Amino acid sequence: MDLRDSAAERAFRTELRDWLAKTLPALGPKPHHTDWPGRRRYDTAWQRQLFDAGYAGINWPTEYGGRGATPTEHLIFLEETERAGAPYVGVNFVGLLHAGPTIATEGTPEQKAAHLPKILTGEEIWCQGFSEPSAGSDLASMRTRAVRDGDHYVVNGHKIWTSHAEVADYCELLVRTDPDAPKHKGITWLMMAMDSPGLEVRPLNTLLGSSEFSEVFFDNVRIPVSNRVGEENDGWRVTMVTLSFERGTAWVDQIVDSVRLVADLAAIAKKVTTHAGVAWEDRGLRRDIAHLGAEFDALWALTKRGVTEAGSGVPGASASVLKLRYTEARQRLMDLGARVLDRAAVSRTDIAGLPTGEWTTERLNSLSYTIAAGTSQIQRNIIGERILGLPKERG
Amino acid sequence: MYFLPTDEQRELQRGVREVLDSAFPLEKLPGGFDAVVWSTLVETGVFSLRTELELGLVEAALVFEELGRAAVPGPLVGTFLVAGHADGATTVLEARLTPLTVAHLDVATSVLVLDSGGSRLATASDVSGVPLPEPIDPLTPLHELAAAPTGSSIGLDYTRLMNEGALLTGALQVGLAARLTELAVAYAKSREQFDRPIGSFQAVKHICADMFVRTELARASLHSAAVMLDDPEAGDGARAVAGAKLLADEAATLNSRGCTQVHGGMGFTWEVPVHYLLKRAWLQATEFGTADDHAEALAALL
Numbered sequence: 001m002d003l004r005d006s007a008a009e010r011a012f013r014t015e016l017r018d019w020l021a022k023t024l025p026a027l028g029p030k031p032h033h034t035d036w037p038g039r040r041r042y043d044t045a046w047q048r049q050l051f052d053a054g055y056a057g058i059n060w061p062t063e064y065g066g067r068g069a070t071p072t073e074h075l076i077f078l079e080e081t082e083r084a085g086a087p088y089v090g091v092n093f094v095g096l097l098h099a100g101p102t103i104a105t106e107g108t109p110e111q112k113a114a115h116l117p118k119i120l121t122g123e124e125i126w127c128q129g130f131s132e133p134s135a136g137s138d139l140a141s142m143r144t145r146a147v148r149d150g151d152h153y154v155v156n157g158h159k160i161w162t163s164h165a166e167v168a169d170y171c172e173l174l175v176r177t178d179p180d181a182p183k184h185k186g187i188t189w190l191m192m193a194m195d196s197p198g199l200e201v202r203p204l205n206t207l208l209g210s211s212e213f214s215e216v217f218f219d220n221v222r223i224p225v226s227n228r229v230g231e232e233n234d235g236w237r238v239t240m241v242t243l244s245f246e247r248g249t250a251w252v253d254q255i256v257d258s259v260r261l262v263a264d265l266a267a268i269a270k271k272v273t274t275h276a277g278v279a280w281e282d283r284g285l286r287r288d289i290a291h292l293g294a295e296f297d298a299l300w301a302l303t304k305r306g307v308t309e310a311g312s313g314v315p316g317a318s319a320s321v322l323k324l325r326y327t328e329a330r331q332r333l334m335d336l337g338a339r340v341l342d343r344a345a346v347s348r349t350d351i352a353g354l355p356t357g358e359w360t361t362e363r364l365n366s367l368s369y370t371i372a373a374g375t376s377q378i379q380r381n382i383i384g385e386r387i388l389g390l391p392k393e394r395g
Numbered sequence: 396m397y398f399l400p401t402d403e404q405r406e407l408q409r410g411v412r413e414v415l416d417s418a419f420p421l422e423k424l425p426g427g428f429d430a431v432v433w434s435t436l437v438e439t440g441v442f443s444l445r446t447e448l449e450l451g452l453v454e455a456a457l458v459f460e461e462l463g464r465a466a467v468p469g470p471l472v473g474t475f476l477v478a479g480h481a482d483g484a485t486t487v488l489e490a491r492l493t494p495l496t497v498a499h500l501d502v503a504t505s506v507l508v509l510d511s512g513g514s515r516l517a518t519a520s521d522v523s524g525v526p527l528p529e530p531i532d533p534l535t536p537l538h539e540l541a542a543a544p545t546g547s548s549i550g551l552d553y554t555r556l557m558n559e560g561a562l563l564t565g566a567l568q569v570g571l572a573a574r575l576t577e578l579a580v581a582y583a584k585s586r587e588q589f590d591r592p593i594g595s596f597q598a599v600k601h602i603c604a605d606m607f608v609r610t611e612l613a614r615a616s617l618h619s620a621a622v623m624l625d626d627p628e629a630g631d632g633a634r635a636v637a638g639a640k641l642l643a644d645e646a647a648t649l650n651s652r653g654c655t656q657v658h659g660g661m662g663f664t665w666e667v668p669v670h671y672l673l674k675r676a677w678l679q680a681t682e683f684g685t686a687d688d689h690a691e692a693l694a695a696l697l
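Chains A and B supply the protein sequences, listed in that same order.
Anchor point for the first sequence: position 121 equals 121 in the working numbering, and the numbering is continuous, going up by one each time.
To convert, count from 1 in the second sequence and add 395; that's the working numbering.
Worth flagging that the hints you see were computed from the coordinates, not collected in a lab.
This structure is a prediction, so every number in the text was calculated from the model and none was measured.
Some hints here could point you the wrong way.
[To be verified] Pairs of lysine-lysine residues, derived as DSSO-like cross-links and limited to a Cα-Cα distance of at most 30 Å, are as follows:
1) A:LYS183 - B:LYS584
2) B:LYS423 - A:LYS392
3) A:LYS392 - A:LYS183
Generate the whole structure from the sequences, applying the supplied hints.
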């Protein structure tokens with residue numbers, strides 16, 4: 001058991017740090033979060049820079065144009081880019097982390113050649129059409145229907161929670177192709193061009209007042225059969241293969257960010273004076289901040305454990321454990337921030353010389369973490385049933 | 396970076412588990428301190444891992460997790476800490492705490508007095524105290540002392556002893572937390588109500604899931620602290636060990652509660668072993684710094 005970089009890992013880290021130090025100062029200001037065309041330009045320009053420097057698709061195999069890095073190098077990449085304040089994947093998220101890996105694993109040579117290079121360079125943006133209004137945690141009960149008509153599938157239905165739909169070129173779409181089969185067996189994975197006729201995108205206004213997600217409506221949308229990835233009715237399995245690309249790194253940037261925020265919060269608490277005095281002098285508050293600091297340090301250690309497991313082919317339990325514990329810790333951190341900021345926490349822009357903009361907006365945003373990508377309740381079911389072997393509630 | 400036990404470390408841990416599973420199953424727990432088991436641990440090299448087997452705190456933490464999982468009664472941590480300086484079972488007196496209490500005085504040959512002004516070793520038979528009639532953990536007898544014994548200096552650094560003691564006590568707590576999860580899960584699978592195992596109900600399943608998660612988090616923290624104490628270049632050992640003891644205490648005490656709750660009425664009886672583990676967790680939560688002490692120490696580093 002060790003926590004040191006090997007010589008190769010150290011070299012990788014040093015080279016990356018040098019590149020970031022050289023590259024980041026020239027990066028323009030971040031666009032406002034409601035400026036979607038601006039966000040696409042910003043995120044894809046960064047992706048292009050990563051590509052030119054050989055860091056795009058860090059975890060993708062080299063045969064598809066990726067770097068083929070080890071899980072530990074993948075971890076170092078995410079850690080160092082976050083520490084340096086580099087942009088995260090942004091609108092490239094679905095392409096790089098989900099659709100790309102799926103096509104790389106399950107796609108035909110033609111499909112790979114058509115999409116993978118463009119995803120890596122940031123030329124092609126993807127969104128995800130999985131969830132439906134009546135298929136959330138029970139995703140496999142989705143009803144959006146695709147019926148074969150010659151060389152095309154004709155799609156009718158309704159998707160929701162589609163991130164980046166306004167700026168996407170393609171959608172990874174799950175459709176029901178066999179309504180009579182058991183629910184996991186009648187699903188197909190399609191690549192859909194977002195300029196297809198019959199498609200309507202309606203942005204959803206989140207509680208942040210931003211349009212991170214959209215609803216997508218399908219009225220006889222025609223998708224070529226050649227855009228199907230994997231076999232018809234095998235879409236559920238196709239969807240699952242992408243998980244093997246994650247290799248324990250799903251929360252690296254956020255955990256690194258949270259460790260920083262704990263230190264920031266301590267500094268703020270030493271500065272803030274409320275009617276009860278300097279916030280940091282409040283022993284209970286101070287200990288709560290330190291306690292959360294210990295949790296984020298432990299989550300960072302658990303991340304390293306998961307990455308080591310991925311690198312050595314050891315089946316581990318860390319993915320659900322990390323998701324569940326990290327997301328709840330992050331919410332508690334934001335609530336703690338509000339305790340420190342006191343009345344200033346009522347502002348979503350900076351006020352009284354305090355970073356209330358970041359803290360209060362993120363406090364709202366963090367509400368989504370325990371819901372998206374498998375609610376905390378679903379994670380507890382997964383842990384209880386798949387790891388601890390407890391019986392399912394029904395059946 | 397390789398943040399998993401190596402094959403050798405896994406083998407060591409498995410070996411200790413096998414020894415304890417046969418020599419000290421939970422059914423033997425009510426008997427308390429067991430001299431035969433203690434000799435087996437001594438012979439196995441549990442306490443001399445570092446001094447004779449030239450292993451580190453990572454290995455010690457893995458072994459102490461197993462001791463915690465089996466809830467072995469005895470002055471485990473003190474005996475490990477003084478290996479190479481004193482022979483025989485050694486109990487710990489934390490001189491900064493009031494009331495002054497010391498565990499397992501009757502079976503110890505030495506008392507390690509942990510004092511920020513200078514740690515020292517006293518002969519147990521020279522130390523007199525009043526036995527507590529009802530210690531929280533019925534398997535860990537406690538004596539109350541009027542004053543800390545003088546003893547003689549062994550030249551071990553106080554901070555280092557506290558850090559190592561916190562690490563090993565944290566390991567015992569992680570082991571307990573894991574055993575409590577095992578017991579809760581086993582009971583939830585076998586106990587039926589409303590014609591089905593209670594573990595099928597999400598209200599019970601989620602208690603078990605949280606117990607598992609707490610243990611995994613505390614274990615990752617513990618292992619990271621062990622690596623850093625062994626290898627200071629890997630990170631800030633003092634910060635890591637404070638976090639590890641805090642999270643290990645939390646895992647052991649909250650899992651005690653969870654396990655009791657999952658056992659329902661039986662959990663409130665002397666009939667099932669859960670209460671022994673709970674009481675040990677509460678006792679160990681006061682040793683080598685409470686969660687609050689460690690939170691304060693971490694706050695001072697922020």
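**Prompt:** Can you name, in rising order, the numbers of the hints this structure does not satisfy?
**Reply:** Hint 2 alone not satisfied by this model.
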